[in-house]
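A.B. asks: Protein sequences, first through last, are from chains A and B.
Quick note on this note's numbering: the first sequence kicks off at 1 and runs consecutively.
Quick note on this note's numbering: the second sequence kicks off at 1 and runs consecutively.
Among these hints, one or two may not hold up.
[Claimed, not checked] A few chain B residues that don't get close to chain A, going by computed Cβ distances all over 12 Å: (1) H21; (2) A70; (3) L111; (4) P162.
[Claimed, not checked] Quick list of simulated restraints, FRET-style, between CB atoms: (5) B:E95 x A:G238: 50 to 60 Å; (6) A:D180 x B:G163: 51 to 61 Å; (7) A:P135 x B:A115: 14 to 24 Å; (8) A:Q251 x B:H136: 51 to 61 Å; (9) B:G63 x A:T191: 39 to 49 Å; (10) B:G163 x A:G143: 51 to 61 Å; (11) B:V28 x A:A119: 16 to 26 Å; (12) B:D92 x A:E111: 40 to 50 Å.
Because the hints were derived from the structure by calculation, they are not lab data.
The structure displayed is predicted, hence computed values, not measured ones.
We put the CB at the ideal spot given by N, CA and C, even for glycine.
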Amino acid sequence: MLSRRIIPCLDVREGRTTKGVKFLDNVDIGDPVEMAAKYYAEGADELVFYDITASAEGRGIMLEVVRQVAAAVFIPFSVGGGLHCLEDMRAVLLAGAEKVSLNTGAVLDPELIRQGARAFGRQCVVLGMDVLRVPASPEQPSGYEIVTHGGRRRTGLDALEWARTAEALGAGEICLNSIDADGTCDGYELTLTRLISSSVGIPVIASGGAGRPEHLRDVLSHGCADAALVASMVHFGGHTIGGLKDYLNRQGIPVRQSWQ
Amino acid sequence: MIAIVDYGAGNSASVLQALTHLGHRAEVTSDSGLVARAERVIFPGVGAAGAAMASLRRLDLLGALRERIAADRPFLGICLGYQLLFRFSHEDKTECLGALPGEVVRFPDDLREVADGRRLKVPQIGWNRVEFAGSHPLWRGIDSGGEFYFVHSYYPRPETAPGMTLMHTEYGLRFASGVVRGALCACQFHPEKSGRLGLRLLDNFCR
């Protein structure tokens, strides 16, 4: 039986892991390579890095981080943030990442998904979706809209339609982030996760809202998610990957146990 | 020296990272002479069967690979490098190396979890249990039932053959997730991305 994956997510700016706290500046929470090694040792099933650097030299720093992570951590990891063309994707994969996560870049140019899948294989291409709850309308019949730029820019795209389009274009996986739940620590957006995960044939990683172990149990059962992203709760919330897995195992959710 | 075959199909760099971490001397190469001479060969790969076979043909690697396997010299196929060892893949309707008897087929679309009827996604992405019986140097220190990392939409259906022992994994159906036959080892999962157990398996192969 396939285990559900627990995936720590690290936001990286100028070579440091940061965590945005609502309406405040990002806080430096550590070295991404050291944090990656720690989560690997604790039993993380995979890692996700988002490059939130704005500058060009920051991009080079990120590739160096990716190289160092690849030499120290022997589980898969993906890198997202600011990938807008095949060359951006290739640089990250050559530096040692297994997967790239396309978000705004794919919204601006959906063909990027197809090109990436053709060049590197579907399994390399993760579609990152930032989703906002909206009143259901003819334009957004699912009641969920795709947003970009950290939730600040609305796109008019219906989230369910976009997920299906991306699957058809060649996305191998979807990382589904609820802007409403993000940073609340009140739990994942279960309705959204269930809707998207049951409507596509590719795995869905739930993101945004994790604060307590029960939240993971709920999204991996009722939410139909194939994997759960965690950030604050393991970065500084007092939880460990191992502890979360023990809890999920007791709750009857299949998780990988044999990492030690 | 360990040769990691590079034929433009993905993850040879990840395999090199893992071997370097384990302290083994390895080289990523597309040179058929090196592949023929190397003490051990690792044949990785991600991507599609058709393009991979075309690339092996173009690089003139087919002969060296077939001869090594025929001579039962240490060989480890990983993921696509496992699937290509069979006679035929239904991915792109591809004639493959034919070193192992059987075909590679796609997971059905209506795949369901055996235990609870939950719908399963294709590709299979993530950690799953690998079971095996008997003893082989590849499994030293690894218990049957340990979890390894998989990413695939196709899986091999080997025909039974003398001297061949299979590993098994369940994903809606029970499939052959690996095979050992003498010095020939191959697996559907990625040992280079399977944490401690995967590193152990790679280390076993390299000793």
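A.B. asks: Please go over all the hints and tell whether each is borne out by the structure.
C.D. replies: Status of the hints after comparison with the structure:
no. : hint                        : result
1   : H21                         : violated (7 Å)
2   : A70                         : holds (30 Å)
3   : L111                        : violated (9 Å)
4   : P162                        : holds (31 Å)
5   : B:E95 x A:G238: 50 to 60 Å  : holds (56 Å)
6   : A:D180 x B:G163: 51 to 61 Å : holds (58 Å)
7   : A:P135 x B:A115: 14 to 24 Å : violated (39 Å)
8   : A:Q251 x B:H136: 51 to 61 Å : violated (36 Å)
9   : B:G63 x A:T191: 39 to 49 Å  : violated (57 Å)
10  : B:G163 x A:G143: 51 to 61 Å : holds (59 Å)
11  : B:V28 x A:A119: 16 to 26 Å  : holds (19 Å)
12  : B:D92 x A:E111: 40 to 50 Å  : violated (22 Å)
Figure legend: structure checked against the earlier numbered hints; hints not met, in rising order: 1, 3, 7, 8, 9 and 12.
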